[in-house]
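Take my numbering: the last position of the sequence shown gets the number 622, and nothing is skipped along the way.
Hints listed in this document are in silico derivations from the structure and should not be mistaken for laboratory results. Values in this document were obtained by computation on a predicted structure and should not be read as measured data. Check before you lean on any hint, since a few could be wrong.
The calculated EDC-like cross-link candidates involving lysine to aspartate or glutamate, where the alpha carbons are at most 20 Å apart (straight line), are [to be verified]:
id, residue 1, residue 2
1, LYS205, ASP264
2, LYS294, ASP225
3, LYS207, ASP264
4, LYS361, ASP342
5, LYS230, GLU245
6, LYS207, GLU245
7, LYS205, ASP247
8, LYS524, ASP510
9, LYS410, GLU378
10, LYS422, ASP408
11, LYS405, GLU373
12, LYS207, GLU241
13, LYS294, GLU373
14, LYS294, ASP342
15, LYS405, GLU429
16, LYS410, ASP371
17, LYS361, ASP428
18, LYS294, GLU226
19, LYS361, ASP395
20, LYS405, GLU451
21, LYS405, ASP438
22, LYS422, ASP434
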Amino acid sequence: MEIIVDDDHPLAYIQGNIMEISAFQPPKKRRDKRDKTNERRDDRMTAWEQFIWPEGGGDNTAVNESQRKRWGRHTISIPRRLSEGGRFGLSQKQLSLQFNHTVDVTLVGKDKLPVRASRSQLARDSFILDEIFFKKREWQHYDAMESRLEIDFCTNDIIRAAVHYNFNDEVPSDFDITSPCEDVARKLAQLDHLAYIYKFSDLGCVTNGALRKLINQRVVLACAIFDELSYRQGLGTVDSIKRYALDSIRDMPMDSLLGGGVQWMKEESVEVIICDTEMDVDEFYRFKILSTWASAGAADRLTAARRLAKHIDLKFIQPDLLMSQVKGSGYFDESKIADALRDINVNLTNREHKKECVLVEGAGSEIVNGIYCRENDEVGMGDEEILFVKEADDGYSDMGLYLYGTTWHIALCADYSNSFYTCDDPPNKSSTELVPSRNWVVMHGGVDPPPSCTYLSNQDEQGKRNSFERMMLAPNLEEMIDPTIVEKRRSHYFDKTRRDVSEKRTLTLIQMMNLPEDHGKVRENYD
Numbered sequence: 096m097e098i099i100v101d102d103d104h105p106l107a108y109i110q111g112n113i114m115e116i117s118a119f120q121p122p123k124k125r126r127d128k129r130d131k132t133n134e135r136r137d138d139r140m141t142a143w144e145q146f147i148w149p150e151g152g153g154d155n156t157a158v159n160e161s162q163r164k165r166w167g168r169h170t171i172s173i174p175r176r177l178s179e180g181g182r183f184g185l186s187q188k189q190l191s192l193q194f195n196h197t198v199d200v201t202l203v204g205k206d207k208l209p210v211r212a213s214r215s216q217l218a219r220d221s222f223i224l225d226e227i228f229f230k231k232r233e234w235q236h237y238d239a240m241e242s243r244l245e246i247d248f249c250t251n252d253i254i255r256a257a258v259h260y261n262f263n264d265e266v267p268s269d270f271d272i273t274s275p276c277e278d279v280a281r282k283l284a285q286l287d288h289l290a291y292i293y294k295f296s297d298l299g300c301v302t303n304g305a306l307r308k309l310i311n312q313r314v315v316l317a318c319a320i321f322d323e324l325s326y327r328q329g330l331g332t333v334d335s336i337k338r339y340a341l342d343s344i345r346d347m348p349m350d351s352l353l354g355g356g357v358q359w360m361k362e363e364s365v366e367v368i369i370c371d372t373e374m375d376v377d378e379f380y381r382f383k384i385l386s387t388w389a390s391a392g393a394a395d396r397l398t399a400a401r402r403l404a405k406h407i408d409l410k411f412i413q414p415d416l417l418m419s420q421v422k423g424s425g426y427f428d429e430s431k432i433a434d435a436l437r438d439i440n441v442n443l444t445n446r447e448h449k450k451e452c453v454l455v456e457g458a459g460s461e462i463v464n465g466i467y468c469r470e471n472d473e474v475g476m477g478d479e480e481i482l483f484v485k486e487a488d489d490g491y492s493d494m495g496l497y498l499y500g501t502t503w504h505i506a507l508c509a510d511y512s513n514s515f516y517t518c519d520d521p522p523n524k525s526s527t528e529l530v531p532s533r534n535w536v537v538m539h540g541g542v543d544p545p546p547s548c549t550y551l552s553n554q555d556e557q558g559k560r561n562s563f564e565r566m567m568l569a570p571n572l573e574e575m576i577d578p579t580i581v582e583k584r585r586s587h588y589f590d591k592t593r594r595d596v597s598e599k600r601t602l603t604l605i606q607m608m609n610l611p612e613d614h615g616k617v618r619e620n621y622d
């Protein structure tokens with residue numbers, strides 16, 4: 096009998112015809128002859144398997160034709176499909192699953208459900224498992240006598256997905272990222288951690304890319320991924336994809352954490368976020384992150400929130416927000432709120448006493464006009480020198496008003512040698528007139544008319560600043576473009592601490608295509 100397995104006929108169909116026991120039982124003599132034939136066939140297949148897949152996971156080789164002829168007439172011919180580099184392709188990997196003698200190891204997850212797999216096949220993709228299975232590497236979770244490997248950080252479905260990829264070069268359909276959700280993100284994170292621990296480099300590249308796409312599609316899923324990997328790896332361990340998730344949370348905390356992601360996190364992960372000094376949030380938004388997490392869970396989260404609240408420095412929150420929102424949360428004692436308010440008042444008082452400003456107005460060069468604040472700790476200043484600075488929004492065109500020798504100058508801070516206006520320091524000026532108010536002279540950098548300067552005392556500085564800002568205020572372009580923004584500013588839509596409208600940001604296709612990916616370094620994490 097010669098049975099040919101053709102490419103167009105699935106092995107399961109052929110195997111079923113061979114191995115299936117018919118309802119009609121032939122005579123015992125014929126049954127014994129058939130059993131012996133099957134035993135000889137199994138022996139030949141075992142030898143064929145060992146020839147192609149040598150013990151220890153060596154390189155694949157093609158079956159020698161003369162060797163096959165020596166096995167006799169009753170040979171099962173298997174198609175030899177070779178991929179590049181002399182390795183067998185997908186069909187051979189699927190083929191090896193059909194023979195029970197190649198499934199020789201049991202993988203057990205934390206749910207204690209077993210998954211059967213092939214040691215040789217796993218060892219081909221993981222040098223860690225190659226050393227554990229065939230080179231007697233010490234591994235506390237592997238029992239060589241029972242051929243049993245315990246993977247206690249993931250569940251049965253994650254292990255099955257890894258074995259499925261090991262034999263089929265693709266992840267199962269329930270790991271599809273076309274419908275991004277928390278469950279898919281967490282399962283992919285577990286699968287990525289499995290690839291990271293056992294160094295499945297090909298699987299790691301697939302999971303890493305899929306997780307990045309998930310974060311790029313819905314940044315809120317970065318919270319679930321970070322939480323899952325924090326639980327699996329520990330808070331101090333950061334690999335490539337966990338770093339990518341953390342950086343995404345840092346860059347877009349409103350869309351990720353306050354967009355619903357913080358409610359998925361465990362207490363330990365929330366503590367990391369609250370204590371992270373690189374997060375682009377102030378103390379009030381740290382409080383909002385904590386309150387959002389606590390309100391989305393059970394009563395035990397309230398106890399945890401009171402413990403985590405100690406990481407929030409209340410004196411950096413505006414007094415009206417302290418009284419209207421923070422005080423009523425129940426996370427802080429009344430004494431803590433009172434101490435914070437007292438510290439804020441003391442700091443404001445000290446700041447007012449130390450603040451010295453000069454109001455410059457009426458200059459032909461508009462860049463000169465504005466309020467200049469005194470700088471006492473400028474590098475390179477002598478004890479007799481005085482400097483006032485007006486900061487610019489761009490950070491490059493700051494203006495300086497300074498006394499050098501017996502002459503006052505107004506110039507760009509980037510080039511103090513090129514003065515717009517100068518004025519001699521009056522020898523008989525009063526104690527209330529630190530900076531001369533008149534007699535300024537136009538220099539080659541300035542334009543007529545020259546300015547007038549007013550030295551502001553601590554009491555009237557704030558009033559003059561407000562009147563000057565109202566005089567210089569340009570029309571609100573946001574309100575001209577979006578008339579509804581006025582109503583938004585009066586509602587909860589308006590962010591009081593940032594003077595901005597907190598609208599949900601949506602990534603465009605172009606933004607998604609240009610998000611960074613570490614193509615060159617991804618594989619290094621799994622090798």
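Structure-based check of all given hints:
1. A threshold of 20 Å between alpha carbons decides the hint, and for LYS205 with ASP264 the separation of about 25 Å lies outside it, so the pair is violated.
2. For the hint linking LYS294 to ASP225, the alpha-carbon distance of about 11 Å falls within 20 Å, and the restraint holds.
3. At roughly 26 Å between alpha-carbon atoms, LYS207 and ASP264 are farther apart than 20 Å, so this suggested pair is violated.
4. Under the criterion of a C-alpha separation no larger than 20 Å, the hint pairing LYS361 with ASP342 is consistent with the structure, at around 19 Å.
5. Proposed proximity of LYS230 and GLU245 is supported: the alpha carbons are some 18 Å apart, at most 20 Å.
6. A distance of roughly 9 Å separates the Cα atoms of LYS207 and GLU245; the hinted pair therefore holds under the 20 Å criterion.
7. About 4 Å separates the Cα atoms of LYS205 and ASP247, which keeps this hinted pair within 20 Å; it holds.
8. Of the supplied pair hints, the one linking LYS524 and ASP510 is violated, its CA atoms being roughly 28 Å apart against a limit of 20 Å.
9. Restraint check for LYS410 and GLU378: the C-alpha separation of about 9 Å stays at or below 20 Å, so the hint holds.
10. Distance hint between LYS422 and ASP408 is fulfilled; the C-alpha atoms sit about 13 Å from each other, no more than 20 Å.
11. The hinted pair formed by LYS405 and GLU373 meets the criterion: a straight-line CA distance of about 18 Å does not exceed 20 Å.
12. Between LYS207 and GLU241 the CA atoms are separated by roughly 15 Å; this keeps the pair inside 20 Å, and the hint holds.
13. Proposed proximity of LYS294 and GLU373 is contradicted: the alpha carbons are some 31 Å apart, above 20 Å.
14. With a CA separation close to 24 Å, the supplied pair LYS294 and ASP342 exceeds the 20 Å bound.
15. In summary, the hint linking LYS405 to GLU429 is supported, as the alpha carbons are separated by about 14 Å, within the 20 Å threshold.
16. Simply put, LYS410 and ASP371 have alpha-carbon atoms about 18 Å apart, close enough for the 20 Å limit, and the pair holds.
17. The suggested pairing of LYS361 with ASP428 is violated, with an alpha-carbon distance near 24 Å, which exceeds 20 Å.
18. Only pairs whose Cα atoms come within 20 Å are accepted, and LYS294 paired with GLU226 is accepted, the gap being roughly 12 Å.
19. Distance check on the hinted pair: LYS361 and ASP395 sit about 12 Å apart at the alpha-carbon level, within 20 Å; holds.
20. The straight-line distance between the Cα atoms of LYS405 and GLU451 is roughly 36 Å, outside the 20 Å bound, and the hint therefore fails.
21. With a C-alpha separation of about 17 Å, the suggested pair LYS405 and ASP438 falls inside the 20 Å cut-off, and the hint holds.
22. Under the criterion of a C-alpha separation no larger than 20 Å, the hint pairing LYS422 with ASP434 is consistent with the structure, at around 12 Å.
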